[in-house]
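Q: Chain by chain, the residues run as shown.
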Amino acid sequence: MKILTLLGLLSACFLANSINIENSAGQFFSSGHTNNWAVLVCTSRFWFNYRHVANTLSVYRSVKRLGIPDSHIVLMLADDMACNHRNPKPATVFSHKNMELNVYGDDVEVDYRGYEVTVENFLRVLTGRLPPSTPRSKRLLSDDRSNILIYLTGHGGNGFLKFQDSEEISNVELADAFEQMWQKRRYNELLFIIDTCQGASMYERFYSPNIMALASSQVGEDSLSHQPDLAIGVHLMDRYTFYMLEFLEDIHPASKTNMNDLFKVCPKSQCVSTPGHRTDLFLRDPGSVLITDFFGSVRKVELTMDAINLTDPIKQMEENPVNGEEQKEVYSYADQLPVSEIIHQAELLLFFFPGSCVLLLFFCCYFQVCPCSLIWTQNRKLCATSTNRCLCAVSMVTSLSVKCNCLPVSVWRGHHEIQQKG
Amino acid sequence: MAITEVERRRGQLAALSIAAVVIIVGVPLWWRTTETYRAWLPVSQIKDLAKLQLHLSADVEVVFARGTVTPEQQKKVPLTQTQDEEHAVDEDTTLRYRYETKYRTATIMEEDALKKPTAAEADLSLHVLSESPCGSLVVYVIPESSSLLPEDVNVYIGQRRTALVRISAQMRVGKTLEQLLAHLEPRIKQVLQVMSFSHTDITVALSDRVRFRPGNKESIADSMRAFKSSPGYEITFSLLNPDPKSHQLHWDIEGAVQTYIQPLLTKLSPLANFSIDSQTLYYTMLGVTPRFDSSLEAYTLNADSLAHVINPVEARLGSNAASSNPVLNFLLYVPDIRHSPLYIHDHRKQEVPSNAFHSPRWGGIMVYNVNGFYGSETEFPVHVNINMAKVMGVFLAQLRLLLGVQSLSPPPGFLVAPCGSTGLADWELDRLMWSRSVENIATATTTITSLAQLLDQIGNIVINDNIAQQVSSAVTSLQLAMAELEVGNLGFALQYSKEAILASEKAFFDPSLLHLLYFPDDQKFAIYIPLFLPMCVPILLSMLKIVSEARQRRREKQAKKE
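Residue numbers (the working numbering), protein chains in the order written: chain X, 1 to 422; chain B, 1 to 562.
Just so you know, the hints here were simulated from the structure itself, not pulled from any lab data.
Everything numeric in this text was worked out from a predicted model, so none of it was measured.
There could be a bad hint or two in this list.
Within a straight-line C-alpha distance of at most 25 Å, the following computed PhoX-like cross-link-like pairs (lysine-lysine) qualify [said to hold, decoys possible]: (1) Lys51/B <-> Lys228/B; (2) Lys256/X <-> Lys506/B; (3) Lys162/X <-> Lys115/B; (4) Lys545/B <-> Lys560/B; (5) Lys560/B <-> Lys315/X; (6) Lys228/B <-> Lys560/B; (7) Lys138/X <-> Lys228/B; (8) Lys315/X <-> Lys267/B; (9) Lys506/B <-> Lys138/X.
Starting from the given sequences, assemble the full structure and let the hints guide the process.
A: Listed below in structure tokens is the structure:
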């Protein structure tokens, strides 16, 4: 009897396993997305806002670990903490005290840094209205089958988020930006996480479908930081993101944890503030949404069943020497400064003004016997007295040699033309 | 008293004139200087486009071979029939399909072509005789006694735009023409569904406008797999060699691309521009450890772990950073010597013959085992020449799937010819052109209507002249594209739809269309009150004073009268 029950249990196990495989295959297509994007923004600068940069970098680390490649992550950091003058350990950003975990690593690709993190740039990234010269790594190239994770952190208030200590983004603008994204079908589903004071006010105004939002505190509450590190001298992380990071460390790319577990992260006892979430705009039930739908990048895969039978041999491309020579275009740099022409002009000068010629002109002008009557009439007044004449002759020669080096050429040409006409 | 009267009068006039200047000159000036510049948009035409009525028309020519119609019927045969079908997809979108069928008898040359021994040769010689324009079909009706088609096959679909239909036994001589036509109609309709457009294809192409959830898994997978219509695509072929110490791989990628892939891309050039590049990556491992299967003496990757293969590799791939076009990646992975040979198994633990898999909207990966090329005694590294024909066969099949050439299973009794050396049959190209035109038109109309709606809703976006011009040109191209689709000129319709989508995307994503900062109402009051209130208070008070004095005077006058 016992053997029978054992056998029965074993067979039930096998059945359940096979059903599971079918289910997991079916679940691949239930979420409706084929790629994942992440937009991670830290909006504060200055050394004492170290924790905001550490927040963003720890989410970046989790997201990369779970599979989203750098080409699909837009990371915006408003200040550089790793290379800050006040960082006692340069090139590191720690998230746990006693310097346990360095979230900066050696594989961080920051797309918008420093003063590039502005409200305008953030909205441009979301709506896609970037100037044509923007490189691919700074764009959000999502399509209608992309799940996007948006993480904002910094200082905020009731209905706004502060950027760079000089401007703000309001919840109405954010809601409008998401609506524009929806109109252009730039996302399939959107997960919005915000870790600021009074964060819940930022998702109050959303009205586009398929958005799920989480915030670290309700309106009227402050989000608090977790723990300071005495060696570095600042608070290292915010509480909500710290506990979220701990939660995410347990997730691996194949895990089946769903969103309901994420909602339970950081209860009031740990966080002091009350985290909130909003799921009324989301079409699917949060219990069926996997964490890896947003934080990871599990690709859908299909097996290729057919292949095309190709029978032609590969065409050999022969290098025809004649064609090769014709096709070779010789490229050269355009002259920025026509040095050769200048030297050539100087040579022209010397050619037309050999030393004897200069002396001849000088004496002609001094003795008022000028080869060209034009020069004589121009400088007549000046050449009244002898000293004046000397000076005038010198000035004329120098001006001639500097300015009118074309004078002899025009004389020459004129002579030439007269000859031709004649 | 008279002086104060004059002064009072002057004061009143002064107050009145100041008020007049403020209201007549100041208010309009303030209005004009604080309004945002919005160029004129053809809003009424855009509203018309919001209600999309697509008319698709296909031309079919039905040719009767000898033996299918009697001589008396032959005299009646040159005739034309038109059929209309109307579908309402949702309240804003209606579709109308029109099929124009022309019947005629075969010419002598066509009869000779139909006498060829096999269907493939007949198809080739028929194609030589006449080339049908894109979007149209020719169906040859052959008698039941013909030996062109095998026993259980009634319809043969060729590589070009022809199909051969065999009439069944009961349609022997003695029936009327109407009965013959009625018998042929469902067959021809099936042929049209396969070779031209079907309702499901068109509704899937409209998915940008119509957000609906199709029932079964296959149609979800189909709609998610192919890339959306885009003006260009980048294709990258990568050779992954994790073990250069053992294998020295050589692949003639340039020749292979020129011979096998380029013909397909040239054929697809009306749809989009393609740019190809290739690279070789060394020391790149798959992210998954394959399992050793002792029964096969080989390493296996099962289907569930394939999903985790792509991500670690993708980080190393690099991309052509010049444009924002979608990228298709085709990877050829040669396993290292410790994990050779490597086979991919499906869910039922069967080996996949092509040893390849693909990911929707990303690309494909093929595993190429080279352990068969050398013995165990050779000196490493071994020089291996990769058989590009086999590799490109798989990549070509994956490329077809990713670009949207559906490999649907034909209805029973149909035989579909294998696609030619270009990798794409003419009628498959037509199908793609139909669905791409419809998709472009749907996307462009949603873009334009949502842009108009957006600009209407958010009042403080500046609309420059170039945006208005792009919108107008997009609207014109859309109207032209829909007109060409209605007539049946598929090539022109696709071209206009591409222009429409380019113009509409340019208008929508113009960098200047960022809305000015949002000011809540209390902030607006906070700005205007310190400017205008000190000015308005004296004017208002003097107005009130004038009015109260006038009323008092009227009361005095009335009292005087009484």
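Q: Regarding the pair Lys506/B and Lys138/X, is the alpha-carbon distance no greater than 25 Å?
A: This hinted pair holds, its Cα atoms lying about 19 Å apart.
Q: Between the alpha carbons of Lys162/X and Lys115/B, is the straight-line distance 25 Å or under?
A: At roughly 81 Å apart (the allowed maximum being 25 Å), Lys115/B and Lys162/X break the hint.
Q: Decide if the proposed pair is consistent with the structure: Lys228/B and Lys560/B, CA atoms, cutoff 25 Å inclusive.
A: Roughly 88 Å separates the two Cα atoms, so the pair is violated.
Q: Take a quick look at whether Lys138/X and Lys228/B sit within 25 Å of each other, Cα to Cα.
A: holds (22 Å)
Q: Are Lys560/B and Lys315/X close enough, with their CA atoms no more than 25 Å apart?
A: violated (117 Å)
Q: Between the alpha carbons of Lys545/B and Lys560/B, is the straight-line distance 25 Å or under?
A: Holds, at about 22 Å.
Q: Against the 25 Å threshold, does the CA-CA distance of Lys256/X and Lys506/B hold or violate the hint?
A: Judged against 25 Å, a Cα distance of about 41 Å means the pair is violated.
Q: Has the given pair, Lys51/B with Lys228/B, been kept, meaning a C-alpha gap of at most 25 Å?
A: holds (22 Å)
Q: Please verify whether Lys315/X and Lys267/B have alpha carbons no more than 25 Å apart.
A: holds (18 Å)
Hint violations for this structure: numbers 2, 3, 5, 6, all remaining hints satisfied.
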